Amino acid sequence: MNQKLLGILCVIASIVTETIGQVNLKKSTLIRHPIKKRIVMVFGLTLMLIEVFIWNYVMQILDLSIAYPLSSFGLIVITLMSKFYLKEQVCLRRWVGIFCVLFGGIIVGSS
Amino acid sequence: MQQKLPLKVIFRLTLGIFLISLLEIYWKYLACNIIANKSFGQLINIHDIVAILILVIILGCQFANWLYVLKLADLSFIEPIMTISYIFVDIYSYFVFHEDITIKRIIGTLIIIMGVWLISGTTHNTIRVRSKS
Chain A
5 MNQKLLGILC VIASIVTETI GQVNLKKSTL IRHPIKKRIV MVFGLTLMLI EVFIWNYVMQ
65 ILDLSIAYPL SSFGLIVITL MSKFYLKEQV CLRRWVGIFC VLFGGIIVGS S
Chain B
215 MQQKLPLKVI FRLTLGIFLI SLLEIYWKYL ACNIIANKSF GQLINIHDIV AILILVIILG
275 CQFANWLYVL KLADLSFIEP IMTISYIFVD IYSYFVFHED ITIKRIIGTL IIIMGVWLIS
335 GTTHNTIRVR SKS
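Residue numbers (my numbering), protein chains in the order written: chain A, 5 to 115; chain B, 215 to 347.
Derived from the structure by calculation, the hints contain no laboratory data. Any given hint could turn out to be false.
[To be verified] With a cut-off of at most 27 Å between alpha-carbon atoms, the simulated DSS-like pairs for lysine-lysine come out as follows:
id	chain 1	residue 1	chain 2	residue 2
1	A	Lys87	B	Lys242
2	B	Lys318	A	Lys87
3	A	Lys91	B	Lys218
4	B	Lys242	A	Lys31
5	B	Lys242	A	Lys91
6	B	Lys218	A	Lys8
[To be verified] Label pairs and their in silico Cβ distance ranges:
id	chain 1	residue 1	chain 2	residue 2	range
7	A	Tyr61	B	Lys218	40 to 48 Å
8	B	Leu221	A	Leu10	43 to 51 Å
9	B	Thr316	A	Arg42	21 to 29 Å
10	B	Asn259	A	Phe77	39 to 47 Å
Computed from a predicted structure; not experimentally measured. Even for Gly, the Cβ is constructed at its ideal location relative to N, Cα and C.
Start from the sequences, fold in the hints, and give me the full structure.
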């Protein structure tokens, strides 16, 4: 497998682990049961730590100009998970804002 | 959907943006000056250990603050707002690491600010979900 493809796969893996990690951390703040709350929080934290290691590896094998714009797509995945899993209200104005941030992030990352 | 953002949320978000920016800048400083070209076994002098300890402390503060912010606001609200840290990192990188700030980068930054402004005008907390749990 060539380096670039491996790098892109690692970015996707980092997006997935970050999304699941963040969603679980948020979920832990909504749970009242103390043991369940801790389990969900530790699970979220573990995934966030795994994401740091994956991201460090991405930095070594992929150009920042490719890695940062790609990682910006994580915002969309997190928002979708927030809407459908956490049942957050995501209005049109927020979607427009998120796409602006995504677009801006792609420009900054590729400059 | 317009909702005035409570001061507590504004303060915690600002603190989070400050800590993330500080973390990214300090991490870069460590990578360039301390960790670079050293194996784990070579990081044994007290100066290196203190420098890495500072990184862990900043990381811990950021995590504690992040958990608190997550209690106050929706994930889909705060996650995009935190990207404003790109701007502080850019400004700092320009003055300290002497990195170039191009027109393209300025345009991208302005678009991020516009996006954050749009998001900040939406409701920050889905009360319906809170009352269910």
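Now for the hints, and whether the structure bears them out:
Under the criterion of a C-alpha separation no larger than 27 Å, the hint pairing Lys87/A with Lys242/B is inconsistent with the structure, at around 34 Å. At roughly 32 Å between alpha-carbon atoms, Lys318/B and Lys87/A are farther apart than 27 Å, so this suggested pair is violated. The suggested pairing of Lys91/A with Lys218/B holds, with an alpha-carbon distance near 22 Å, which does not exceed 27 Å. Note on Lys242/B and Lys31/A: the hinted pairing is violated, with a Cα-Cα distance of about 31 Å set against a maximum of 27 Å.
Proposed proximity of Lys242/B and Lys91/A is contradicted: the alpha carbons are some 37 Å apart, above 27 Å. With a CA separation close to 45 Å, the supplied pair Lys218/B and Lys8/A exceeds the 27 Å bound. Between Tyr61/A and Lys218/B the beta carbons are some 43 Å apart, a value that agrees with the proposed interval 40 to 48 Å. Between Leu221/B and Leu10/A the C-beta distance comes to about 46 Å, which sits within the given range of 43 to 51 Å.
For the pair Thr316/B and Arg42/A, the beta carbons lie near 46 Å from each other, so the given range of 21 to 29 Å is not met. Taking the beta carbon of each, Asn259/B and Phe77/A are about 41 Å apart, inside 39 to 47 Å as hinted.
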